[in-house]
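The number in the numbering used here is simply the position in the sequence shown, starting from 1, with 104 added.
You may find that some hints are simply not true.
[Said to hold, decoys possible] Distance condition first, Cα-Cα at most 27 Å in a straight line; then the derived DSSO-like pairs of lysine-lysine:
id, residue 1, residue 2
1, K112, K205
2, K281, K213
3, K205, K289
4, K112, K289
5, K205, K281
6, K213, K112
7, K258, K205
[Claimed, not checked] Label-pair restraints from in silico Cβ distances:
id, residue 1, residue 2, range
8, N208, Y248, 45 to 51 Å
9, Q250, I129, 23 to 29 Å
10, Q250, A111, 47 to 53 Å
11, L191, L109, 19 to 25 Å
Honestly, the hints are just simulated from the structure, not real lab data.
Keep in mind the model is a prediction, meaning the values are calculated, not measured.
Glycine residues also receive a C-beta, built at the ideal position from the N, C-alpha and C atoms.
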Amino acid sequence: MNFNLRAKDLSTVAIYSVLFFVLMIVIGFLGFIPIFIPLLAALAPLFGGLIFMLFLTRVNQFGMVSLLGLVNGLLMFVAGMGYWVVLTGAFFGLLADLLLKGSNYQNLKAGVIGHALFSLWVVGNFLPFYLSRQSYFAMISEGYGQEYANALAKIMPYWLLPILALASIVCGYIGAKIGATLLNKQLARAGIV
């Protein structure tokens, strides 16, 4: 794997990372109401599809999608979402990059599937609910109050994690399809067919 990114590629990744981060912040405001927390697994990939498909019109070499996933994870970590999101961002960014590289970043179907795979990075935001449950809910209780923490614990049972992952994939696919439809001229100009 050759990560030979130029300054232009890095600035493209930076711009789209900021767009994803802003999207996550806007969607994250819904999290002040506990029932909306699980919906983040669907909303971020759904609305992120447009951003990702637009990003693909600028991707021309391996490493850009990987870096986008890593930077997204780092930004979410800095925003207080824990270190798991850095790992899932890097991992699913790399997997999507490998998939897209196989078509030289020029296949629309691979782009749509790539976004569905990339969208799993969002699951890293939820892993603290399940992997360090007691300490995480204690921290939430300190910040938002015991009532909020109790309500969130009830709507985030262990069995929900695979559903959140599946929702990320399905909504990532749908979001990318919508993005591809809205951006069909830009994608065609970039040679993505």
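Taking the hints in turn, this is what the structure says about them:
1. K112 / K205: 19 Å, holds
2. K281 / K213: Cα-Cα ~9 Å, so holds.
3. K205 / K289: Holds, at roughly 22 Å.
4. K112 / K289: This hinted pair holds, its Cα atoms lying about 23 Å apart.
5. K205 / K281: Cα-Cα ~19 Å, so holds.
6. K213 / K112: 26 Å, holds
7. K258 / K205: Outside the cut-off at roughly 42 Å; violated.
8. N208 / Y248: 45 to 51 Å: At 47 Å between Cβs, range holds.
9. Q250 / I129: 23 to 29 Å: 26 Å, holds
10. Q250 / A111: 47 to 53 Å: Holds, since Q250 and A111 (Cβ atoms, about 49 Å apart) stay within the stated range.
11. L191 / L109: 19 to 25 Å: Check passed, 21 Å falls within 19 to 25 Å.
The structure is inconsistent with hint 7 alone, although it conforms to all the rest.
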